[in-house]
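Enquirer: Sequence:
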Amino acid sequence: MSRLYTRLFLWFCVANLLTLAISALVLGRIARENYATIQPDWHELATDCAALYESGGPDAVAVWARQLQRRGIHVALLDNGRDLLMAPQPPLMERYLPQLMAGSEIILHPTSSTTLASLNVETDRGRSLRFVALREPPHGRPRMPPYLPRAPYGMLIEITVSLLVIGVVTWRIARGIGTPVEQLQQAARRIATGDLSARIGAPLTDAQDELGQLARDFDHMAHRVESLVERNRWLLRDVSHELRSPLARLQLALELGRGQAAAEVQPYFDRAYREIARVDQLIAQMLALARVEEGAAGIELESIDLAALAGERLAEARMELDRAGLSAELEAPSAVPLHGYPVLLGRALDNLLSNAAKFSPAGGGIVVRVTGDVAGGARLVVEDRGPGVPEGELAQLFSPFFRGSNGPRANGQGLGLAIVERIVQVHGGQCRAANREGGGLTVTLTLPASPPPASA
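FYI, in our numbering the residues of the sequence shown are 2 to 457.
Simulated from the structure, these hints should not be mistaken for lab results.
Watch out, some of these pointers could steer you wrong.
Now the in silico label distances, taken between C-beta atoms and shown as ranges [claimed, not checked]: (1) Ala25 with Arg433: 51 to 59 Å; (2) Glu303 with His221: 38 to 46 Å; (3) Thr161 with Arg190: 39 to 47 Å; (4) Gly440 with Gln252: 16 to 24 Å; (5) Arg324 with Glu227: 30 to 38 Å; (6) Pro268 with Ser198: 47 to 55 Å.
Computed from a predicted structure; not experimentally measured.
For each residue, glycine too, the CB sits at the ideal point set by N, CA and C.
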């Protein structure tokens, strides 16, 4: 059960229990206040008592008297001052007995909630008797109905049934609210991780309440976002393709012109050639990002030794690193096997090494660390000794075209780490960047043992 379920369930339970407790207190107070004003029919009780005595004798009256005691009424039947029931009476009745015998009918109220009644009654055989009764409020908990002969167990049953009803009802309410919210949360998380196809769908979107409307609005929003992103991807790829041909012709024209130009204008040709090369590199990165954005459809899944792949890519980059005066070190076990797309992972490693070299000062070092985990996945870490990244920019580091404020703005297009993140997402993994203690940046790639099925 989620934390939302738990909070809703507990709050509903507390609210219902408080309502029951307040209701019990209010009803008990009302019952106590009205107790003295609701008097039994003393004449009827006296007549019943006399009739029982005539028909069944003292034993029948004693049984009837015990039933009245459950309602807080104590009775005595006197004949010339002698109690025919031969039962002990409450002290309050004995104290007021002389006053009760002074008239034919006497009603006393020693306290606001206590009543003493005394009246003459004549049996069917003409015998004159004296009926005396004391009515007191029940002490302690209220008396249970006759069908629950043992009050503690009856109360326990009622409390248990109440709690069960409250629990079932509040659980249903909590589930009715919590389940749709959990579905919205899961869909939002999928979109946040790059799965723009995430939808909530039926049956929640078919509901005709506020949560159903929210689910429909969410799916509509997700569809719009997916359409816009997809159109941007196609536009990016189409524009990049369209630019390559003019650039190639421009490069060819520059090469032909440079061979025939005078020596004093050669620097201008060199500068134009460098700018064209930068634009061509940008287009190549944009096309690479577009291809990776389309996922791994059509690429064969293979068994990979990530440690060996990291060693190969590091060896390929060794010449450029040496030229920049940088050292590189690989820390890895003999083998870290997993399933993946070696071409894509190789490109991710190349981009990470290129990024680390770009931001490392001369004489600095780069560390590539590969480790496996118990679940069969792997972790790849690339550390540099550069200036690091301001904490406020770490969250944007993998966004396309983002370039940090600490880096050289003249180099790079801000696509390298975006391509890395997308490659890792295709493998079902995660990217994380953090500043290294002592200076530098640490980029960590966490990869599962096998990527999810590729989508077209």
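Enquirer: It remains to establish, for every hint, whether it holds in the given structure.
Expert: Hint by hint, here is what the structure shows:
Taking 51 to 59 Å as the suggested C-beta distance range, the pair Ala25 and Arg433 conforms, at roughly 56 Å. A hinted range of 38 to 46 Å for the beta carbons of Glu303 and His221 is consistent with their spacing of about 40 Å. Between Thr161 and Arg190 the beta carbons are some 40 Å apart, a value that agrees with the proposed interval 39 to 47 Å. Between Gly440 and Gln252 the beta carbon distance is about 40 Å. The supplied range of 16 to 24 Å is therefore violated.
Range check, Arg324 to Glu227: Cβ separation about 44 Å, and the 30 to 38 Å hint is violated. Checking the proposed 47 to 55 Å range against Pro268 and Ser198 shows it holds: the Cβ atoms sit about 52 Å from each other.
Hint check: violations occur at hints 4, 5; the rest are consistent with the structure.
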